[in-house]
Structures are given as structure tokens and as C-alpha cells.
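Chains as they are written, first to last, in this note's numbering: chain A, 65 to 284; chain B, 339 to 673.
Treat the hints as calculated values from the structure; they're not laboratory data. Hints are not guaranteed to be accurate.
[To be verified] Label-pair restraints from in silico Cβ distances:
hint, chain 1, residue 1, chain 2, residue 2, range
1, A, 96, B, 670, 45 to 53 Å
2, A, 103, B, 647, 45 to 53 Å
3, B, 469, A, 93, 27 to 35 Å
[As the list claims (entries may be wrong)] Derived coverage of chain A by chain B (criterion: at least 3 residues anywhere in the stretch with Cβ under 8 Å from a Cβ of chain B; other residues may be distant):
hint, segment
4, 98 to 112
5, 157 to 168
6, 207 to 220
The model shown is predicted, which means the values in this text are computed figures rather than measured ones. A virtual CB, placed ideally from N, CA and C, is assigned to each residue, including glycine.
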Amino acid sequence: MAVLEQKSGIQPLRFRKTLAIILQLAVHIGSALPLLWLFYAVNAGLMGGDPVKELIHFLGIGALRLLLLTLLVSPLAQWLSTGQLNRLRRPLGLWCFTWASLHFTSWLALDLAFDWSLIGGELIERTYILLGFMAWILLLSLALTSIPKLMRLMGKHWKKLHGFAYVVLLLGCWHFWWSVKSGWMEPALYLAAAVFLLILRRRKVVHWLGSFIPAPSRPR
Amino acid sequence: MLIKTKKRGDLTEGSVTPETAYLNRRTLLKGIGLGGMLAAGGAHAGLLDFLSPDSEERETAERKALQFSPHSPGPSLTLTPEAKAINHNNFYEFGTSKTDPARNSQSLKVEPWTLTVEGEVAKPGKVDVWQLMAGSQLEERIYRMRCVEAWSMVIPWIGFELGKFLQRFEPTSRAKYVAFETLYDPGQMPGQKDRYLGGGIDYPYVEGLRIDEAMNPLTILTVGLYGKTLPPQNGAPIRLVVPWKYGFKGIKSIVKIRLLEKMPPTTWNILAPNEYGFYANVNPAVDHPRWSQATERFIGPGGPLSVTRQETLSFNGYGDQVASLYSQMNLRKYF
Chain A
65 MAVLEQKSGI
75 QPLRFRKTLA
85 IILQLAVHIG
95 SALPLLWLFY
105 AVNAGLMGGD
115 PVKELIHFLG
125 IGALRLLLLT
135 LLVSPLAQWL
145 STGQLNRLRR
155 PLGLWCFTWA
165 SLHFTSWLAL
175 DLAFDWSLIG
185 GELIERTYIL
195 LGFMAWILLL
205 SLALTSIPKL
215 MRLMGKHWKK
225 LHGFAYVVLL
235 LGCWHFWWSV
245 KSGWMEPALY
255 LAAAVFLLIL
265 RRRKVVHWLG
275 SFIPAPSRPR
Chain B
339 MLIKTKKRGD
349 LTEGSVTPET
359 AYLNRRTLLK
369 GIGLGGMLAA
379 GGAHAGLLDF
389 LSPDSEERET
399 AERKALQFSP
409 HSPGPSLTLT
419 PEAKAINHNN
429 FYEFGTSKTD
439 PARNSQSLKV
449 EPWTLTVEGE
459 VAKPGKVDVW
469 QLMAGSQLEE
479 RIYRMRCVEA
489 WSMVIPWIGF
499 ELGKFLQRFE
509 PTSRAKYVAF
519 ETLYDPGQMP
529 GQKDRYLGGG
539 IDYPYVEGLR
549 IDEAMNPLTI
559 LTVGLYGKTL
569 PPQNGAPIRL
579 VVPWKYGFKG
589 IKSIVKIRLL
599 EKMPPTTWNI
609 LAPNEYGFYA
619 NVNPAVDHPR
629 WSQATERFIG
639 PGGPLSVTRQ
649 ETLSFNGYGD
659 QVASLYSQMN
669 LRKYF
């Protein structure tokens, strides 16, 4: 009994539950509201005479920010010793995938008008577009395997697969860097943030990288 | 400091600033009480202007009606709506987003404006641009405008031929090139003051043409569009339009023209020589290293998200008038 009390800590259980719900709601509202605003802004002409480029850029930057936030969660949880925070990773990651999908779809539909031969050509020839596409494919596989049942089913493979979030982060920054006409400073800020997050979890990253090296066969 | 810098490039805040808007859009914003909320969201100079009492008058720069001879009948082109042409601009001196120029340039002082012509000319001189406007036979030219970023517009410009204008200064036989320079005034142009806002470009913006390109009758110095003087975001009070070249050759708010013996440096070429050449002729066969130039998105009438993707024409459709200028050149090398 005494042990239990100690474990539940300073905050009563109910308070922590409420806080968890509030945080979850904040993630959903914070991720959805800008999309509603975007819808309004495009229709009200707030994005200039031709909103397409702005729209695509807005969605891409948003996806990158959400990914950074997703990867900020576990260092933050560790720092605050609040494991509960880790529950925010799944909704944040899924929202990141949603934004990235909208970014990709608007490029397909609004910029290239579903001209498939052009789309194919751009994907093959333009490195920055290929980088973005690869990042999206990875995000897609992470989103598909985020179902809790599948997570248990996949066991340690799940962790291995979801370590690719680090790759997506770097691909995303690289994609951004190469997509701008000039002004490397904004993408550089994102890259710096990404590198910072990777350094924070350097042990995890090294461990994840190590999981791809086949274990040496033990001598008999 | 870091956070502030980040905020400046933030599209969310950048796009919401009400200063771009026409009066009706403003009324709409006020009507639903968004104005205050949006103003509270950013650290932009433009947003602070919005709070100052005299911002109502400064909101959109005054544009005067011009006298001009209308465009002679040619191929019938669908015009880009005026509202789109003046709210979707590349003018990095006022910020790198497409909506920045319309928002940040409205207080640019365009009157008086002196244009200096010097270099390899017998009679160098300074011209008062507004006197020039009043005393010139202005004509309307409806041209295709193809941006290097693969979007295009059709715009009714008002101006006069650069070649005829340059003749007045009597170019010498050594005048092989023409160099142009935009106003350098960091006090008025926030992108020149702040490297981040200005996209990392070394200002003033400079451009250039070969003398035969400058003398081609298609090349015009432009003082207006859609029947009125240029708004600041489109390069008031005087800019260059070279319809068979990518839009960035059309240097804005020109203060100096120099005739030279040697090829002058040009801004985008300095910044990324492998991506932007001196010639920058519209050429669907030569791609930008990072995107295709074979097609373009035409910004025409229709809703905000209506999409028209069309084939890009060689020399932007003006090949019969200009292709001969480059007959001896490998356009893949001299892109």
C-alpha cells in the first residue's frame, strides 16, 4: 500500500488523467485548427493572387514542425520524468502524416494538375522531390503500423521500423533545403533543430543503427 | 533572437497580415473581429503599421490613370485578373513570400524618381520618371509573363520601347551590354535591411541585357499595368519587361541604366550560376536543375485553386521576333 502511494506520486491520479486528456485535446486542436484556417485563408484571398505555392509550402512546413514536435516528446518526457507524455507521440505522428499527405496531394493536384507523365518525370529527375516522396512513403509505413494491435504483433521489429522517423526527419529537412530558390537560413534552422533532437537521443540512434548490423555469430 | 527570426519567416503569420487586402477584405476581417487577433499574432513591422492611426491612408499606394494607345490586335490571350497580378509578386526587397511585396511595399516613395543613364553613351543624363511618363507616347502591350518558377500570367503592360528611349542618350559603338539597377534604400525596403527577409541576396538587385536584346522592339520599360501606374509591388514607378525571358530579368523600380562594353553581373546568376543564366530565355527544352520547364501553371481567371497546366512555348511564344538573336548560340550552354 505504502509503495503504491509513493508510486502515484505527488499528483493525484485524477489530476494526471485530466492533464493527459487536455494534452491529447491540445494536440488534436493544435493540428486541426491551422487546417481550418488554411481553408478560410485560401478562400478569403489572404494567401495572395495565387495561393497554390503558399498552400503547398504551408502544409510542408507544418508537417516538418509536427515531426519535430513528435520527436521532442520523448526527451521531454524523460526530462520531466513523465512517461505519460509519450502517449502524445502517436497522435502527433499521425497528424504529421496527415499534413505531409495533404502537402503531397496538393502538389499533385494543384501544382501539377495530375499530369501523370509530368509527375513521373519530376519524381525521377528532381532529387528534392524524390527525397520528399521517400519521406512520405516512410511516413505512410509508420502510419499504417501505428495501430496498437499491430504494434504488439510486430514486437521488436516495430521499434526497428519506427526508428525510420529519424530518417524522415533528415529527408524532410534536406527536401526543404533543396526546394527553396534562395535563402538557406530558414531550412538551416529546421536542420539545426533536427540535429539537436538527434543529439539528444544519440544513444537511441546509435542503438537503432546498430540493429541493422547483423550480430556476429557466436563461437561454439 | 532566434525565435524572432523564425517568426519572420513564418508563413502562418506572414499570410494573415491584413495590409495586403483591398478595403472589402479588410472590412470582412474587421467584421468578424479577426483583425485584432491576427495583429496580435506577429512581430512584423507591417502589423505594427496596422495599429498606427494613419495606416488607413497608406494601405494601398495610389495609382494614377494613364493615357496610352491600346494594344494593337494580336493573338487573343486570356488576361490574368488584375487582383492576382498585383497580389502575387516576386520582389525580394520586400520579402520572399508571394504576398510580402503587396503587404510591405505600399509606402514606397515613388515620386519624385530619378533614372540615371550613363556609361557608353554620348549624352549621359538624369531623367525625372514622372515627367518622362507625362511626355511619352505610352502604349499598351499584352504580354505573356513566364516566371522561372514555372508559373505564368498574361499582363497588359503600359510603357515604351527601351530601344527608342536609349537612342536619346546616343549609345557609343562600344555599348555592347545594358546594365540595370534597382533602388537601394534599406530604410524603405525591409528585405535589403534584413538578410533573412531578403532571401540572402546581395542588394541592390542588378540585371542586364545584350545591346541587341535591349534594342529589340519587344523590350519595354514599363510604367503601368491594367490602365494605371504600377503599384509598388510590381516595380513602381518604372521597370523592365522582356517577354521572351524569365520574369526575374524584368528588374523593378529601376534607378540606373548603364551601357557597357562587358557583360554585367546579374543578381540571380551571382546567387546560383548553375541554375540561372545571364540570358534566361524561356526554353521548355532546358530544365531548371530542380524542376521541369516544359510546362507551366497559368494563373488565370477562376477560383483561388483553379488549375491550368499548359505547355511552355519556346522563347515564351515570341520566337519569330527574337530567335534570330541567338541563331549562333548553344542555348543549352547559354541558358
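Are any of the numbered hints broken by this structure? If so, which, sorted upward?
Violated: hints 2, 3, 5, 6.
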